[in-house]
Structure formats: C-alpha cells, structure tokens
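Chemist: So the sequences go chain by chain: A and B. Residues in the first sequence are numbered from 5 upward in steps of one, following our numbering. Residues in the second sequence are numbered from 8 upward in steps of one, following our numbering.
Think of the hints as simulated: they come from the structure by calculation, not from any bench. Among the clues, some could well be false.
Straight-line Cα separation of at most 30 Å, DSSO-like style, residue types lysine-lysine; simulated pairs [stated by the list, open to error]:
#1 Lys73(A) / Lys245(B)
#2 Lys432(A) / Lys526(A)
#3 Lys245(B) / Lys212(B)
#4 Lys212(B) / Lys96(B)
#5 Lys334(A) / Lys432(A)
#6 Lys96(B) / Lys245(B)
#7 Lys333(A) / Lys432(A)
#8 Lys526(A) / Lys245(B)
#9 Lys212(B) / Lys73(A)
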Amino acid sequence: MDSSRERLQKTAKKVHFELSTILRIALLVVVDIGLIWFITQLMINGFYDVAVVLIIIVVFNTYVFLAPKAYPLRWMAVGLSALLLFAIFPIIYTTYVAFTNYGDGHLLTRVQAVEQIQRELYLPEEGRAFEWIAFRSDAGEYLLWIKDSEGNTFLVRETDADYDERILEVIPGEFGIGELDEGGAPVTIEGFTRLNRILATTDPNLTRIKFGDPEKTIQVRSPSEAAELLPRYLYDEENDTFTDQITGIVYFERQGTFTSQQGRTLTPGFRATVGFENFENFLTNPALRGPLAIILTWNFAFAFLSVFLTFALGLAISILYGDPNFPGKKILRSLLIIPYTIPSLITILIWRGILNENIGIVNAVLRNLINYAPAWTTNQWWAKAAVLIVNLWLGYPYFMLVTSGALQSIPSDIYEAAEVDGARGWNKFWNITLPLLLVAVGPLLIASFIFNFNNFNLIYVFIQGGPPIPGASTRAGYTDILISYVYNLAFEGGRGVNYGFASAISIVIFIFIALMALAQFKFTNMWEEVSENV
Amino acid sequence: MSELAKKTKKPRSMTQQRRLGIIIRWVIAVFLIFFSVFPLLWIISASLNPTGTLATARLIPQNPGFKNFQDLVGNPTFPFFRWFWNSVKITTITTILTLSLTTMAAYAFSRFRFSGRTTMLKAILLIQVFPNLLSIVALFLILTQFGTIIPRIGLNTHLGLIIVYLGGAMGMNIWLMKGYMDTIPRDIDESAHVDGASDWQIFWKLILPLLRPILVVIGILSFIGTYGDFIVARTLLKTTELYTIMVGLQIYTSGMFSQKWGIFAAGALISALPIMVIYLVLQDQIVGGLTQGAVKG
Chain A
5 MDSSRERLQK TAKKVHFELS TILRIALLVV VDIGLIWFIT QLMINGFYDV AVVLIIIVVF
65 NTYVFLAPKA YPLRWMAVGL SALLLFAIFP IIYTTYVAFT NYGDGHLLTR VQAVEQIQRE
125 LYLPEEGRAF EWIAFRSDAG EYLLWIKDSE GNTFLVRETD ADYDERILEV IPGEFGIGEL
185 DEGGAPVTIE GFTRLNRILA TTDPNLTRIK FGDPEKTIQV RSPSEAAELL PRYLYDEEND
245 TFTDQITGIV YFERQGTFTS QQGRTLTPGF RATVGFENFE NFLTNPALRG PLAIILTWNF
305 AFAFLSVFLT FALGLAISIL YGDPNFPGKK ILRSLLIIPY TIPSLITILI WRGILNENIG
365 IVNAVLRNLI NYAPAWTTNQ WWAKAAVLIV NLWLGYPYFM LVTSGALQSI PSDIYEAAEV
425 DGARGWNKFW NITLPLLLVA VGPLLIASFI FNFNNFNLIY VFIQGGPPIP GASTRAGYTD
485 ILISYVYNLA FEGGRGVNYG FASAISIVIF IFIALMALAQ FKFTNMWEEV SENV
Chain B
8 MSELAKKTKK PRSMTQQRRL GIIIRWVIAV FLIFFSVFPL LWIISASLNP TGTLATARLI
68 PQNPGFKNFQ DLVGNPTFPF FRWFWNSVKI TTITTILTLS LTTMAAYAFS RFRFSGRTTM
128 LKAILLIQVF PNLLSIVALF LILTQFGTII PRIGLNTHLG LIIVYLGGAM GMNIWLMKGY
188 MDTIPRDIDE SAHVDGASDW QIFWKLILPL LRPILVVIGI LSFIGTYGDF IVARTLLKTT
248 ELYTIMVGLQ IYTSGMFSQK WGIFAAGALI SALPIMVIYL VLQDQIVGGL TQGAVKG
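With the rest of the complex left out, here is chain A (with noise of 0.2 Å):
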C-alpha cells in the first residue's frame, strides 16, 4: 500500500513539475513576443539606444528563465530589468549626453539636420524658366499659370495651401477651368480672376510667393519669367559638406554644425560629440564660471550647515530631554516629532507663506516688534537664512530619534569610570559623549549631507533659486545648488535649454556621491557584513 501511494505521490509531483515548466515557457515565449515587437517599432522610429537597452533585457530574461543554472536570478527578474531601464540606463545616457552638444539649437539628430538645410532653396538668376499668368481669387488666394518651353502647361497652387495637390494639369472643365486662349492658358476660372500684365507686376505678393511642392517650387522671378527654385545647399556625402549655389562659401561639419571657413554657420545644427567641451566651460566660460563657483560655494555651505544646525538641535534635545523619569517625556517627544510626519513639500509650501516678504506673519510681527522685516526673498543672505531655518525644522527630528536612539546605547559604566577621573559636565560631553555618538551615527550624518546636498525640493519649491545672480548667461540665483541650477538649464529654459551642460554638472555631482557613499559604506562596514553571510 505504502509504496503505491509513494509512487502516486511522486507521479504528481512529476506532472506538476512539468506542467509548470510548461507554463513557463509558455509565458516566456509571450513576453519575448511582445518585447520583440515593441523593440520593432523602436527601431523603427529610430529610437536606437532604448531598442538596445530592450534587447540586452529580452536576452537577459530569456536566459535567466531557461538556463537552470541561472534559477536564482528568476526570483529577480523583474526587478533587474525595472533597474536596468530605469537607473543604470539614464547614468549611462547621462554620461554619453554630458559629452554632446544636446540643447537649444542642437536638438535634431544629423540625419534630420540634413534633410532640413536641404529644403532650403533660392531663386536662381539663369536656369529654367516659364512663361506665367496669375489668377487671384476674392480671399487673395493666388493660382499660377505657367509653360515650359517645351510648351507643358502646368497650374500652381501656392506652396502653404491646404490641398494635396498642388500643381495641376490644365484640362478645361476639371477645377473650374473654363476656355483656353491661344497661348494654352486659361481663359477664366472659377472662383479667380485672371490678372493682366500691369495688374500682375503691381502685386506686391506676386514675387513674394512660392507654388507647388517642395520637391518643385515656382516663383515669379520678373514680369516674363517664372523659375523653378533649386535647393540652396547642395550636400556633398563624400566630403560631408554643403555648398551654397549663391556664394559658392562651403561649410565643413564641426561640432554639430555645419560652419564655413569665415566661422559662418548653417540652421539648424545636430547632436554631436563635442569632447570635454561641457566640462571645460565650467571653468573657461566667464558668464557660466561667474554663478557656477557662487552655487557650488553655497552648495557646501548649505549641505554642511544643514547637517549641522539640525544634527546639534536633534542633540540637545536628546540630551535636555533624556532622562526616563522628565515629566512629559512622551507628549513632548510626539511634539516635537511633528515636522518629521507631514510630507515635506506640504511644509515648505507653508513656511513659503509664513516667510512672505510682504504679509507673511513673521514679517507682519516683527514690524510690529523692532519695526524690521527681513528681506526673506529678495536679499540673498536673508532668503540663505532662510532656506536653512526651513532645513533646520524640516530635518531636527530625524536627528532627534536617531541620537536618541544612539545615547542610550553608551554604557553607563564609561560615565562611571569618567567620573572617577574627574572628569565634569561639558568635559564629558566632548571626551566621551560626542566621540561615540560620532562613531554610531558618522554613516547617517554622511548620508544627511548627501541628502542635502541634492535637496531640490526645498530649494526649487521654497525660493525658486531665487534671488537671481545678475549677469548670469542662464537662470541661476544665490540659493541655487548645483541640482537646481541642473534641472533650470535642462527644463526651465527661459534662455534655451542646454543638456549637454546640465549632464556635464550631473556627473560631476554623480562622481561626488559616489565619493561620499563610499566613505559611509566603510563606515558602516556593509561590504563587510555581506561577505560575512557568504
């Protein structure tokens, strides 16, 4: 009996084995189906670095779900390629952009700055010319005649017209076309009036306009003539250059941009690899140096003080309120705690209006008390007061409950031995106290300072940067920190947006966190902790 059960038992486990790989596989096969098509169409649309990021994706997957070997990193999967697409890609691209020119006049790729400069065309003085009459219609729109001298007739309609086409056959009855007179032009049409010689060269639009298409434009060059208009900039693709057909002046690709010998240059340039250009504007480029060493200055300052101001508040209300037995020791911690549970950029937006330069109430109580109102946003030192008073009441508690936290772990008995020795007071504070407290919470103040060095959200939403720095080539302002002043230039771009420049700043704060994590990764000996569970 029992060995049939067993042999039951294992049967099942075998069909259900299989089964759930073929689920898998099955699954798999979908997924894969559905990423491939989608990897497609971005190939498709030329987005080429997304479609690689995909594809290392799909490969990924479909190995990891495969391979036995790989069983482990099935649990993950998901999380991987969530990570892959969304953080290490953009550091990736990131990177590669701090190195191009990506901005403001270089926002196409080469293929589509060439297209374009390639429609751009001139009426040339010889070349083919036409025989024209015009005909104008009540609401000014205007129809063109012409005849090769071959003796083909063609009507014109005008260039920026709303008809798919544009340029005509002339067969008397179709589109209102009436008789042909003896030249093969017609005679009325409907809805037109056909324009005599004086009429016609008295029109001020008449030289203005283009007919027909972009692949055949017309325009009127003098009363008898009529030429087609030939492209201005003619593409050599063995040398990579453009020659203008009017000055002869030819341009040479640098940088992005299609310039000539006399540094003149051609609309629009394109995205390029432009070296460590970026990264020496930071220091040769006067209007971006000027602001760029105020920020980055402030940007210490600020972090530091942060850390600081709110690491001792945290400390000495630890320290006054520590005592088990304080009365109220619970309500007032629950107090005092407040600032850290309502969602910070609520409270900025609130101290935003209690700081009102004008009627805000601290301002308002003050005039009244000293007769005094700081300038909170417009004088620089005031509004970096400011943002650091926000900082202080938006990070105290956090530092609050962490050395809280960390006093009670310092054993009593090294107080003890202290006292023997004599020592008092502040003595113990400095010798003891703060020494281990330094060493407990030194990864937590670190990871503070990298918070704060990047703190947005405080910066942008409560002052905007503000007040501006004059003379500053882009929006910059005395209490912008380097992040700030990153994300003006790449998406506030009042004067251009310039993301070549914006990434350069972000890898330069990209290779300072990692510094600085680092260093609070040793301090706290994770890399240690890990291989100790191997």
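Starting from the structure of chain A, add chain B where the hints point.
Modeler: Positioned in the frame of chain A, the structure of chain B alone reads:
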C-alpha cells in the same frame, strides 16, 4: 541620561536642584514646541479662516468655518480630490509592486548561493544612491519614445510614472528585507524541502507570513516616499487632471498663492493627514527602519 538618575539618590538639596532643572528644561521646551508646531497650527487656522487670503490670516481666525473645505469640492481650477485620488492610486500600486519585487529578490539573495551575489547586492545599493533627478533627461526621453509606440505608457501617463518609480524599487529596501530574512533560521526551509515542498511553496507559505513586521516598515517607507515625490511626477506629468497631489499643490500655489491661501491650507491639511496618522501610529517601527540608514526624502 543615566547620571541624572543616580543623582536622585543623593540628599535633598539635589532634589531641589533637579526640580529647578526640570523647570528650566520645560521653559526651553515651550519654545521648541512653538517652533515645531507653529506651521501646523498656522495651516489649521488658515484652513478654517473664511476670508481665505494670506494677508488676512490670523492665528485665531474670526468666524471660523469650513468654507475652504467646501470650496475644495468640485473646484474646476483646483481639482483637489482628483489629484488626491491620483496620488493614492499611483502610490498604492507602486508600493504593492515594490514590495513584491523586493521580497522575491531578497528571498533569492538570502536563501540561494550563486556567483556574483555579493557584487550584485553592492551594485544595487550604489546605483540607488544617485538621485534620479540627475538623470531625469534620460527618463524623459525613454517615456517619450515609449509613448510614440504605446501611448498608455508614455509621457504624461500614470502607468509610465509607475514604471519609472519601479526602477528605484530595489536598493536600500533589498538590504532591509534580506537582513530580516537572514534572521529566519534556514532549518525551517530545509525541513520543508525534505517534505517535498518547492521553493515557491516555502516562500509563499512559510517565509512570507513571518515577514509581516518588515513588510510593514518597507511598505510604509515606500508609500511615504512615493506619495511625497514631487520632481519626477512634475517632470513627467503635463495635464492638470493627471497631476499627483504634490504636483498639483505646488503648481497651484505658484500662481496667485496669497489669494488662495485658505483653499490651499485646507487641501494641504487633507493631503498631510494620511501620512501624519501613519507616522504617529507606527512611530516606533518607522524609526527602526529609518535608522538603518535611510534618510527622509
């Protein structure tokens, strides 16, 4: 501090000195409490003030009432409850997905041994240190390109925003989760293995129920983080109807801020409430999770 406790055992004069100390500390505490609570009181009073502008705001409003709260309903220029719903929806979905991705990955990191395991753990942590605002140009580009093919996951969609958030799902969370799982003895799964249970059954029926405390912590941290996110949502969402509450409040107030102070106050109060309640109720658990190294933001 412990030294104080010891001093109480000493003679009377010490007790008197201690009483004085407590009084001085409470005087200081009053100032601290005022600093800490003032913005909250201020916004509560503004939300109850029917005149509704910043200039007329008083700490104790005249004729207090709920007019500002009523104005929040069906307000076409300030579709507050639509934004609130958007936020709750996006945040809940993101949190659930984050928890599933994190828990499963942490299970593999905790229970299986494979090559590259420690390297991957370190790399995941290091990558998450970079604020995604720095690479937002790339995120913007990815969603733009996705959107030209499948508009539902493109720029200016909730689904697109959620998948971007998922890029940051792992990271610190994995460390917290794996650390907790490591404390669950492996004998449990081994004996289950002997009984013929599959890895999935062990994970689902044995391990997962034991993870409740850490699931709560990571869930709350992820919820608060996503709910409070401003800049990613601000960059990727363009239509007023689609805004999250943080984006809506910020954009609304950058207009005629001081005129609409009352309505803003009412909205701010309602949006802050869920998080405040979570914090005050689950204080100790959150603090435990935070001190593992995460910083508010």
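Chemist: Tell me if the straight-line CA distance from Lys334(A) to Lys432(A) falls inside 30 Å.
Modeler: With a Cα-Cα distance of about 27 Å, the restraint between Lys334(A) and Lys432(A) holds, given a limit of 30 Å.
Chemist: Below or equal to 30 Å on CA atoms is what counts here, so check Lys212(B) against Lys73(A).
Modeler: holds, 25 Å
Chemist: Sort out whether Lys245(B) lies within 30 Å of Lys96(B), counting only the CA atoms.
Modeler: Holds - the C-alpha atoms of Lys245(B) and Lys96(B) are around 18 Å apart, at most 30 Å.
Chemist: Verify the proposed pairing of Lys432(A) with Lys526(A), using a straight-line Cα cut of 30 Å.
Modeler: With a Cα-Cα distance of about 28 Å, the restraint between Lys432(A) and Lys526(A) holds, given a limit of 30 Å.
Chemist: When you check the alpha-carbon spacing of Lys212(B) and Lys96(B), does it fall within 30 Å?
Modeler: Roughly 28 Å between the alpha carbons, so the hint for Lys212(B) and Lys96(B) holds.
Chemist: Is the Cα-Cα distance between Lys333(A) and Lys432(A) 30 Å or less?
Modeler: Holds, at roughly 24 Å.
Chemist: For Lys526(A) and Lys245(B), compute the direct alpha-carbon distance and say whether it is at most 30 Å.
Modeler: Judged against 30 Å, a Cα distance of about 42 Å means the pair is violated.
Chemist: If you draw a straight line from the CA of Lys245(B) to the CA of Lys212(B), is it 30 Å or shorter?
Modeler: Violated - the C-alpha atoms of Lys212(B) and Lys245(B) are around 43 Å apart, more than 30 Å.
Chemist: Between the alpha carbons of Lys73(A) and Lys245(B), is the straight-line distance 30 Å or under?
Modeler: violated, 45 Å
The structure fails to meet hints 1, 3, 8 from the earlier list, while all remaining hints are met.
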